[in-house]
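Chain by chain, the residues:
Protein chains: 2
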Amino acid sequence: EILAAITATLGDGPLKGRHVLVTSGPTHEPIDPVRYIANRSSGAQGAALAAALRDLGARVSFVTGPASVPPPPGVEVHRVETAQQMLDAALAALPADAAICAAAVADWRVANAGAQKMKKGASGLPVLEFAENPDILATLSAHARRPALVVGFAAETETVEAHATAKRARKGCDWIVANDVSAHTGIMGGAENAVTLITEEGADPWPRLPKTEVARRLALRIAEAFA
Amino acid sequence: EILAAITATLGDGPLKGRHVLVTSGPTHEPIDPVRYIANRSSGAQGAALAAALRDLGARVSFVTGPASVPPPPGVEVHRVETAQQMLDAALAALPADAAICAAAVADWRVANAGAQKMKKGASGLPVLEFAENPDILATLSAHARRPALVVGFAAETETVEAHATAKRARKGCDWIVANDVSAHTGIMGGAENAVTLITEEGADPWPRLPKTEVARRLALRIAEAFA
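Chains as they are written, first to last, in my numbering: chain L, 1 to 227; chain V, 1001 to 1227.
Please keep in mind that the hints were generated in silico from the structure rather than gathered at the bench.
Be careful, since some hints might not be right.
[Stated by the list, open to error] Listed next, with one range per pair, are the computed distances between beta-carbon atoms: (1) Ala115(L) to Ala1111(V): 24 to 32 Å; (2) Leu94(L) to Leu1220(V): 52 to 60 Å; (3) Leu1125(V) to Ser68(L): 26 to 34 Å.
No residue lacks a Cβ here, since even glycine has one placed at the ideal position from N, Cα and C.
Use the sequences and the hints to build the structure in full.
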């Protein structure tokens, strides 16, 4: 893979000269100094995408939460923990020709996160108050320096295509890569993905494929969009 | 380390013939199919303890949550995710001569965890209801088949010794290994630990040491208790 990175950097891939921002992995939202809210994203799909875009010659800014899969070589890695930090790092990476928001960003953070560890006490159970996190995909889609192509991911557990199509309209992005992350699919944390690509032309269901192959096909579609 | 495991199994360490239960790592408490509450325990101290006990000849039942450090070779590994599963696995491992509860167990689980992914919606923010998790240390300490020696850990962020001494009395365990997991100490997720051992004889603060050395000293203290 390091060889591929070097070859891509020296070569003349179809994305040569393009700058692509990729967000990846989960975010962690602190509850107190030791507890946090997480999600089951491994970062595998985002890392594979970054590698595939790099292989087509793109310069990749890779903004990653605490993923279990390491970032690929040959990309600019920006490590973050929370959704707010991810947004800050994404905006700092602009301008970009394309932004691929593959991260599984927490919708909410804990508004009353404590500086000390919460204790079991007479009061009994904790009361967590939530605040909405910034919406990275919508923010990039509406930004003054909006990338020409903005792609979001939609991890759903029911009525995937309908939810994802609505998400595309609501966020103002160009494409949505939708998938079913229900536990029975084994997709979140697994090696394969079964996605539906939703564009202005409609929904295109892809077969179940290794995440690396989903990444390669998506990177080629992105290259076509810039051809 | 594999050699150490083999040597220990064949050798005649001071804990030869003893069965020790070790719990280790964090627990994960589901919110919905993709989100969960976690904590920053890496499982490093628990894994080091299991290895040190094994090296002294003990048979080790190692009940571990989703840790970032792998379990040591030469121990019986039981993988769990939630506090309830950890309790079930710990009880299933009895009888044991000693139980070392090094896991960072979530005090609460989400009582209204959802079978579908929670959506951002008109309703706005989620309302999580919590239920108290079973207390593994207290349960083992009061159990009909109570191990002769029950050791708990207390991860604190303030007034460590006072909290830990109160915890020892409240839980009914024999020893408490207390440490300060405030972020500035770098202990949770780090390679070193600074513990205070609290027994019926009082509090004994140990110097800051590698977690492997804390494990070795604690294993030797346990061997002394059975000598």
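For each hint, the structure was consulted:
1. Restraint check, alanine 115(L) to alanine 1111(V): a C-beta distance of roughly 26 Å satisfies the suggested window 24 to 32 Å.
2. Between leucine 94(L) and leucine 1220(V), the C-beta spacing of about 57 Å keeps the proposed range 52 to 60 Å intact.
3. Take leucine 1125(V) and serine 68(L): their Cβ atoms lie about 28 Å apart, and the range 26 to 34 Å holds.
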